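S.K.: Letter by letter, the chains look like this.
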Amino acid sequence: MSIEVKFFASLRETLGIESTSITSSAGLTVREVWDSTTDSAAYPVNTLCAINMDYAHQDDAVKDGDEVAFFPPVTGG
Amino acid sequence: MVMKSLFSRRSPGVNMPAFLLEHTLNPLQELEQYQNTHLTAGSYGATASFTGTMRDFNAGDNVQQMTLEHYPEMTQKFLDQLCNEVMSKWSLVDCLIIHRFGTMKPGDAIVLTAAWSAHRKEAFSACRYLMEELKARAPFWKKETTGKGQRWVHEAGD
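Protein chains in written order, with my numbering: chain P, 870 to 946; chain G, 59 to 216.
Read the hints as simulated data drawn from the structure, not as lab findings.
On the chain G side, residues computed to face chain P include the following (Cβ under 8 Å): (1) Glu-131; (2) Met-132; (3) Leu-192; (4) Pro-197; (5) Val-211; (6) Glu-213.
All of these numbers come straight from a predicted model, not from anything done at the bench. The beta-carbon is built from N, C-alpha and C at its ideal position, and this holds for glycine as well.
Using the sequences and the hints, build the whole thing.
M.R.: Here it is, written out as structure tokens:
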């Protein structure tokens, strides 16, 4: 399966990755997508994640064609 | 002009009153323009609105400039869902969110939330809920420029 992965704000700068894609023959969780794309970098405790533009959890399963995003706590408004 | 193009995105009969804006936001003009374009005079008795404005100070430092990053598709989806949620939660005539992104200076408006209802209680409650939910969960990130350089803002303010 193919997954699009995006990183935002301070996470993007720290990791040096804005977006990437991965392919996997096995099912993956959100956290496994992180590990695959960041060379298993430490997962900051307050990191938020989304699948297809909806908030998700680290242990949620990802499907073929999904877009997964990682970002720090939000500070809008 | 600018305001006309902003609101013309909404098709007749489609409830999508959340807008992301890269250029200057004039909240009172936008509020009036939206009201004149989309609401029927006499259909509401209460209008509650909130404007968030950029400060020139934060965490003890003078702030010269701020860049607001967002996750365009998710931010739009989140704000649209938030508008739909308040419309179903309270008895409202309409609601509106306009949020800036990009680079801004102290004094610039960052966000406008508004709610229209028959009576004040619903409008006040819905307008506050829009703003609190937006601050807690909408995917935006502030990066400030101070005399010491640039820094990400790590926590949503009060």
